[in-house]
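Engineer: Protein chains in written order, with my numbering: chain A, 3 to 208; chain B, 3 to 208; chain C, 897 to 1229; chain D, 897 to 1229.
Just so you know, the hints here were simulated from the structure itself, not pulled from any lab data. No false leads were mixed into what you were given.
Heads up, simulated DSSO-like pairs for lysine-lysine below, C-alpha to C-alpha not over 30 Å straight-line:
no.: 1; chain 1: A; residue 1: Lys124; chain 2: D; residue 2: Lys1068
no.: 2; chain 1: C; residue 1: Lys1175; chain 2: D; residue 2: Lys898
no.: 3; chain 1: A; residue 1: Lys68; chain 2: D; residue 2: Lys988
no.: 4; chain 1: C; residue 1: Lys988; chain 2: B; residue 2: Lys54
A few chain B residues that face chain C, going by a derived Cβ cut-off under 7 Å, partial list only:
no.: 5; residue: Asp37
no.: 6; residue: Asn43
no.: 7; residue: Gly80
no.: 8; residue: Pro84
no.: 9; residue: Arg122
no.: 10; residue: Lys174
Over 12 Å on every C-beta distance to chain D, these chain C residues come out as not near it, computed from the model:
no.: 11; residue: Arg924
no.: 12; residue: Asp936
no.: 13; residue: Gly993
no.: 14; residue: Thr1041
no.: 15; residue: Leu1067
no.: 16; residue: Phe1101
no.: 17; residue: Glu1141
Glycine included, C-beta positions come from ideal geometry on N, C-alpha and C.
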Amino acid sequence: MPVTRDATLDWMKRFAGEMAEHRAELVALDTAIGDGDHGTNMNRGMTKALEKLDGAEQADPGAVLKTVAMALVSSVGGAAGPLYGTLFLQMGGALAGETEVDLPRYAAAWRKGLEGVQARGKAQPGDKTMVDAMTPAVEALEGASDLDSGLQAAVQAAEEGMKATTPLIARKGRASYLGERSKDHQDPGATSTYYLFKTAAEALAG
Amino acid sequence: MPVTRDATLDWMKRFAGEMAEHRAELVALDTAIGDGDHGTNMNRGMTKALEKLDGAEQADPGAVLKTVAMALVSSVGGAAGPLYGTLFLQMGGALAGETEVDLPRYAAAWRKGLEGVQARGKAQPGDKTMVDAMTPAVEALEGASDLDSGLQAAVQAAEEGMKATTPLIARKGRASYLGERSKDHQDPGATSTYYLFKTAAEALAG
Amino acid sequence: MKKLINAPDAVLQDALRGVEAAHGDRVRVSYDPAFIVRLDAPVQGKVGIISGGGSGHEPMHGGYVGPGMLDAACPGEVFTSPTPDQMTEATKAVDGGAGVVHIVKNYTGDVMNFDMAAELGRSEDIEVETVLTNDDVAVEDSLYTAGRRGVGVTVLVEKICGGAAEDHKSLKEVADLGRRVNSAGRSMGMALTPCITPGSGNPSFELGDDEVEIGIGIHGEPGRFREKVGPASQIAERLMTPILEDLPFSEGDRVLAFVNGMGGTPLIELYLMYGEVAKIAGEHGLSIERNLIGNFITSLEMQGCSITLLKLDDEMLRYWDAPVNTPALRWGA
Amino acid sequence: MKKLINAPDAVLQDALRGVEAAHGDRVRVSYDPAFIVRLDAPVQGKVGIISGGGSGHEPMHGGYVGPGMLDAACPGEVFTSPTPDQMTEATKAVDGGAGVVHIVKNYTGDVMNFDMAAELGRSEDIEVETVLTNDDVAVEDSLYTAGRRGVGVTVLVEKICGGAAEDHKSLKEVADLGRRVNSAGRSMGMALTPCITPGSGNPSFELGDDEVEIGIGIHGEPGRFREKVGPASQIAERLMTPILEDLPFSEGDRVLAFVNGMGGTPLIELYLMYGEVAKIAGEHGLSIERNLIGNFITSLEMQGCSITLLKLDDEMLRYWDAPVNTPALRWGA
Ligand SMILES: Nc1ncnc2c1ncn2[C@@H]1O[C@H](COP(=O)(O)OP(=O)(O)O)[C@@H](O)[C@H]1O
Ligand SMILES: Nc1ncnc2c1ncn2[C@@H]1O[C@H](COP(=O)(O)OP(=O)(O)O)[C@@H](O)[C@H]1O
Ligand SMILES: [Mg+2]
Ligand SMILES: [Mg+2]
Ligand SMILES: [Mg+2]
Ligand SMILES: [Mg+2]
Chain A
3 MPVTRDATLD WMKRFAGEMA EHRAELVALD TAIGDGDHGT NMNRGMTKAL
53 EKLDGAEQAD PGAVLKTVAM ALVSSVGGAA GPLYGTLFLQ MGGALAGETE
103 VDLPRYAAAW RKGLEGVQAR GKAQPGDKTM VDAMTPAVEA LEGASDLDSG
153 LQAAVQAAEE GMKATTPLIA RKGRASYLGE RSKDHQDPGA TSTYYLFKTA
203 AEALAG
Chain B
3 MPVTRDATLD WMKRFAGEMA EHRAELVALD TAIGDGDHGT NMNRGMTKAL
53 EKLDGAEQAD PGAVLKTVAM ALVSSVGGAA GPLYGTLFLQ MGGALAGETE
103 VDLPRYAAAW RKGLEGVQAR GKAQPGDKTM VDAMTPAVEA LEGASDLDSG
153 LQAAVQAAEE GMKATTPLIA RKGRASYLGE RSKDHQDPGA TSTYYLFKTA
203 AEALAG
Chain C
897 MKKLINAPDA VLQDALRGVE AAHGDRVRVS YDPAFIVRLD APVQGKVGII
947 SGGGSGHEPM HGGYVGPGML DAACPGEVFT SPTPDQMTEA TKAVDGGAGV
997 VHIVKNYTGD VMNFDMAAEL GRSEDIEVET VLTNDDVAVE DSLYTAGRRG
1047 VGVTVLVEKI CGGAAEDHKS LKEVADLGRR VNSAGRSMGM ALTPCITPGS
1097 GNPSFELGDD EVEIGIGIHG EPGRFREKVG PASQIAERLM TPILEDLPFS
1147 EGDRVLAFVN GMGGTPLIEL YLMYGEVAKI AGEHGLSIER NLIGNFITSL
1197 EMQGCSITLL KLDDEMLRYW DAPVNTPALR WGA
Chain D
897 MKKLINAPDA VLQDALRGVE AAHGDRVRVS YDPAFIVRLD APVQGKVGII
947 SGGGSGHEPM HGGYVGPGML DAACPGEVFT SPTPDQMTEA TKAVDGGAGV
997 VHIVKNYTGD VMNFDMAAEL GRSEDIEVET VLTNDDVAVE DSLYTAGRRG
1047 VGVTVLVEKI CGGAAEDHKS LKEVADLGRR VNSAGRSMGM ALTPCITPGS
1097 GNPSFELGDD EVEIGIGIHG EPGRFREKVG PASQIAERLM TPILEDLPFS
1147 EGDRVLAFVN GMGGTPLIEL YLMYGEVAKI AGEHGLSIER NLIGNFITSL
1197 EMQGCSITLL KLDDEMLRYW DAPVNTPALR WGA
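For reference, chain A alone in the conformation it holds in the complex (with noise of 0.2 Å):
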């Protein structure tokens, strides 16, 4: 099954959910490491973003993730308003015009929206931000044999990415400020990025 504009739409309803369902768990995370913000901002943008997405028709996946980066970019501020908003706005670049998107342009949409948090964050993999979860799970869909399969071990990938956070020092972000003491505490970031995953794959099963 294919990547459609719907399938995309009930993507980006399901992650509104989880964020305003993970809220206070994203913002617990960040208290510990950073300034317990991150659930509340993300929460503030998704909320924005379907406000957005059910202003306007979006005529594909490429119209619906450019519309909900743009919300982002315009709500969320901090440090995830930009990395996802531009994560958003690479992908949905890349999927324009398309309206049934295989494997291979899926993967290489996500590669563009990776490469666009890197450029604008200058993150690397191991600094303990959403780059430890993305990483990985770009890389099994890339390695992936069709979407669904991709999907799953894109998901599985993330969320060991994001665990694998949790003996880290932060190098990048607010928590790199705490140097040693940034050790033991799964990152926020890496955890919205697991969510993000975890939606894809459900808004594609159905």
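Let chain A serve as the given structure and place chains B, C and D with the ligands on it in line with the hints.
Structural biologist: Just chains B, C and D with the ligands now, with coordinates in the frame of chain A:
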């Protein structure tokens, strides 16, 4: 045994000792219905008073009390400073030039002191202030037949007066701002006044 | 108790050393007796203005010493009114021949100590007039009580009297103006948290995690009642209603609205409160001509706020707007 | 959580309403996108200066909007940097033809959002120069980290750049001066208590009853280490030593010393700390030419303080002294 210069000095040293020892108690009482400084104020003042007493020779009981009065006035502040300052100033004036003070003159000096306190603070018995401990104690002295038993009776009267402040609604001083909520708390100033009579009796007993 | 201090007994002296280090170019600090005085005092021919009170209310009063406001301030120990010798020495230091106004907040301790000082000051041929502030509507007023506390209006009295004195008004004019300001001002405060004096080391009262204390003063003393915390709009209503009714303020009145932080309140919350105050004032047809928002008369690290409304006349307005140059309040200079 | 707010989500909007009610005679408040701008903006021919950042640091930045300092400020949600559209709109609103300086504190979020805004601003033919502040010596600096945080020096950069812009210096001159100020300034902070954001409702970190956190930032993030609370003199030493070593400051340097409260610290403690800072500065042969003491860059109701030292040159001194007329910083006007 009449009240002498030495007994008066001894009294003031004992009173200073009690104020140091009961600082925290008086602070706690004042925290409940005032601003939590009565113990600190009295301790600061009596420490200063001992310094002044050490610094120069006093000829008679009156001079001792005047020295204490001036030290209190210039180091205590708050309500207690002018009130105890006035008390000792008036008592000192009444005992100036005396060497061996008998009961009538001693009681008269206390009466003078109490009048000074009331002139300064405008409190009546029942207003939940130091006047509630001082008034019955002075009356006990006035009704006594000798100094020793008079002071014993005064201590007891002061203690009863102090305890009787507990159910009262304050009408003077900071506690009055609490209205009804000032009930069920013992007045800090009545408590320090009780210690004043207690140490007077101890000093006379030697 | 955690505080940025060296020792509970040394707070006042150490803080005065900081004031001297910071503002030695404009004030002189006397340590014993303790007072802070304008470097150019006494200003010949000008009415001198002094105030004083317990410490822990900063910037009041030391932060208001300077041209256009106080000539000197006498800080007592934390929450303890200063002693007569402080006031007497300060009075002498600021007397430029035109007499001295004592601005005294109505607390038993302050009043008695200033009384003794005024008696002494007078005996040395300095004319002293006392202006008593007692604007706190949370306190019941009667002949048989200590009367209302002086709170927020004190800052306004100090500024306005300071302006009038700088304008070379006479002793009586300055004092009368101060009394008029006091009569036209009303305040009420509330707390989200208690405060801790260095001397006691314990919270001044206990408050539940969801409770606020309404009608507090500025000495960490408990208020008139407590209730569950509500939205800012409700808290503003709780404070504004008794203030509005008491004067009373009526439609068309020109007012100065003063939202004061108790010391530990974030400024963003004070601005938010000001928004609510302005709304209520508008609904009552008051015209807010001037405002003041910030921590100006505090209670150590207490969280909470007080509201003061002052019904303005032209003279008050003129002297409120007059230049002032102090560490804590400055404009036109 | 007890706060003077109506609802956690409404804090920023409600506070902006308060700002508008209070200062509508001198600033205009835009709600969507959110920014506060001088009423007389754009000032033709003058370099525009904007800054912005998460809310909860008041009076920074909104309190610094006015002649002699910022032309506009963009407040984000509490502790969350603002969004590019706020900065873009603010940039347009203040561009008087001479270009616009963005003063940005070095946080990942702030930098990225301002980057996006600067890209947009440039594309609309407005010349934008960015001045990044990163003065916090508590943070290790390296190419592989987010780098040092911008803290206290930001206030000084805003004031000094504001003075230079008012003096009609060019875009490049103003930006270069700002960068020089940042390079010559160093800061470090500490906390006695954490803070609570309205969004989280929980303390930003847990601290024992006898512990202090050294090396904190302004977002309630934990610091570099904690230790038992000591006297103010020791705390001052803890903060001053890394500051003095880092620039390094040396004998004979003229400095501006800035003791900043984190929002919940009584002013009396800040003055006491200033006394300790002045003492240490004196021991190192520094000459404190100017000082600033108070709550200027805060972290909600956090108790604690930060110290900033700025090594002054004549130009910085001139523009520090230049008139400024904002709600939070005002002199010569
Ligand atoms: N430079 C960066 N590159 C990639 N991700 C980053 C970077 N900096 C921070 N992040 C991510 O952003 C998350 C924090 O987002 P959020 O709390 O919303 O913003 P802020 O840190 O500004 O408060 C971190 O957990 C981390 O995953
Ligand atoms: N008007 C008054 N007359 C007599 N005693 C008073 C009066 N006002 C207060 N007091 C006494 O002073 C005590 C408080 O003293 P203290 O705490 O040292 O001063 P303050 O109230 O200024 O903090 C009260 O407990 C009360 O006994
Ligand atoms: Mg965060
Ligand atoms: Mg007391
Ligand atoms: Mg007191
Ligand atoms: Mg943030």
